[in-house]
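> The lines below spell out each chain.
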Amino acid sequence: MTDPVLSIRNLNIDYIGAEKDFHAVKDVSFDIAPGEFFGLAGESGCGKSTIAFAVSRLHRPPALIRKGSQILVGGRDVLALDDNELRRFRWREVAMVFQSAMNSLNPVLTIEAQFYDVLKAHTRISRAEARTRAAELLKLVDISPDRLSSYPHQCSGGMRQRIVIAICLALNPKLLIMDEPTTALDVVVQREILQRIDVFRKELGFSVLFITHDLGLMVQVSDRIGIMLEGELVEVNDAQTIYRTPQHAYTKRLWASMPKLHGEQIREGAKS
Amino acid sequence: MSDAILALDNVSKTFGRADKPVYAARSVSFGLHPGRTLALVGESGSGKTTAARLIMREYTPDEGQLLFRGKPLGKASAKALKAYRASVQMVFQDPFAALNPTHTIRYHLERPLRLHQPKLNSKERTAAIEELLTRVKLDPALLMPKYPHELSGGQRQRISIARALAVNPQVIVADEPTSMLDVSVRLGILNLLNDMKAQLGLALLYITHDIATARYVAEDIMVMYAGQIVEWGDTESVLTNPQHPYTRLLLSAVPDPDRRFSDTRFSEELNRIEFIRRQSALPRPETREVANNHFIRPMPE
Ligand SMILES: Nc1ncnc2c1ncn2[C@@H]1O[C@H](COP(=O)(O)OP(=O)(O)OP(=O)(O)O)[C@@H](O)[C@H]1O
Ligand SMILES: Nc1ncnc2c1ncn2[C@@H]1O[C@H](COP(=O)(O)OP(=O)(O)OP(=O)(O)O)[C@@H](O)[C@H]1O
Ligand SMILES: [Mg+2]
Ligand SMILES: [Mg+2]
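So the sequences go chain by chain: A and B. Quick note, the first sequence lines up with residues 21 to 292 if you use the working numbering. Quick note, the second sequence lines up with residues 67 to 367 if you use the working numbering.
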């Protein structure tokens, strides 16, 4: 078997508090294989984003990763990277689309300038080349290159989200982390983007760690899915099994609380 | 049906330069009714948030007008405008941007209460804050002293909703209020919106990309494309019997765990999408009633 792109072992993360610490991620272990689309789902506050931040080494105090935790990307120990190595690691090895991505663009820079910033920090590239590359990347996410001269506030929430995704693909990372990347999009655009990402990942071979609350979507795109509950990974399985024969009571409950588009509506039951 | 408490009457709003206009609202008309929810779904960038901002008076219409209790808002007195502002509250798309990082949760809820119910003493105010937090299913003792950055995305959105409720509004405009919440929490919020509608008689405008949740909360639905409402009416009728090609496209793209992405043919569908998009982007002044309380702006197939 090939080595995994991402390997997490016994990951424990605390948020250090004045009075007591909060154990946000509890002994989580899982792997993502090269080219694999891995979905991570679970209750709001269960620790999904905390894991995503740790993998890209973007966690900040008060988040503290306990000793004994291990995160390997392409076999390299992410938790041991120094500042220099970290700069090279970000965007090239792991790129992350944040949950609040639509507000992560710099409001005073044009879209073109934001692409240029990322590209020039990692490659020798001229302004003109960067512009061409940026236009290509925008096309991937279905945005007209006309938008290069726009500022973020002139774009709708969904457009900003797609722009961030395009920037993340700029340096061909091995692992693309997407934390709720398409919640701001209509389902047609969401479907187009994810199908495109799915095609790129097959062409370019990168892996995806996909976080979403949309279980239906997650089953459609993911190869494997992990379900988290209060910091613990309670069930990991291939997508179809998670959908058709979920094992954990919590996974079953998640399915039961999804409103239906057609047919009999779910009942108000899942009120807790 | 009761009279609309708030209505948009043929409102248009265009952004951008004259040679490259962006039509964010094109002759948009709809009414919000006490005790009812109207859902607004559609393409991202089609003008849903613009409609919300027009209602919040952050944008002024290029054409058309807003009506509050049947009267044009444009001619309203300062006093009437003040009443309007208190009556109409908004819950935003992004809970990360909506809260002030330097203030506690308690402060976020205390402020609107102070403004809206100045007679409450501090004990009563604390009780009101506790009630609001309990309403949105958060633990008051735990949450009150916290700062926004200490909360998860879902917890933050519930705070935004509690804050909107703090001033006892009559109309709530909710722009993607649950898009960042996971399913089980989302259902709690949707039930909360349904309860508020029923118990407090609120009129709700529910903007969403999640059409199944629109079905769960809304009696009526509108589908928007490029600033135009292309199909609207009774939710059940629109969703079970969509007549406009864009509505059909939208419904066919709703996530369905029974259909793997890798099994669907991508490029063919995309070509069709482009055609529907081009056609839907053209102005269609004609309106056709296709069923009882179900309308479209027809376009060639
Ligand atoms: N800076 C912080 N300080 C203290 N606690 C925090 C901090 N950030 C997050 N937490 C807590 O850690 C837990 C996990 O948060 P995280 O953001 O990872 O959740 P999530 O699974 O991404 O949730 P959501 O789906 O709502 O985005 C939550 O209970 C949250 O309150
Ligand atoms: N202040 C502004 N200046 C220029 N253009 C704007 C402005 N506000 C909105 N627009 C444009 O108007 C159109 C409608 O934007 P709006 O935010 O209303 O879309 P939306 O339907 O809410 O989209 P989303 O689902 O992505 O949130 C977009 O093309 C947007 O770029
Ligand atoms: Mg999160
Ligand atoms: Mg919007």
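FYI, nobody ran anything at the bench for these hints, they're computed from the structure. Mixed in with the good hints there might be a few duds.
[Unchecked claim] With the C-beta cut set under 7 Å, the calculated list includes, among others, these residues of chain A facing chain B: (1) 124; (2) 128; (3) 129; (4) 133; (5) 157; (6) 205; (7) 209; (8) 236; (9) 283.
For every residue, glycine included, the Cβ atom is placed at its ideal position computed from N, Cα and C.
> So which of the earlier hints does this model not fit?
1, 2, 3, 4, 5 and 9
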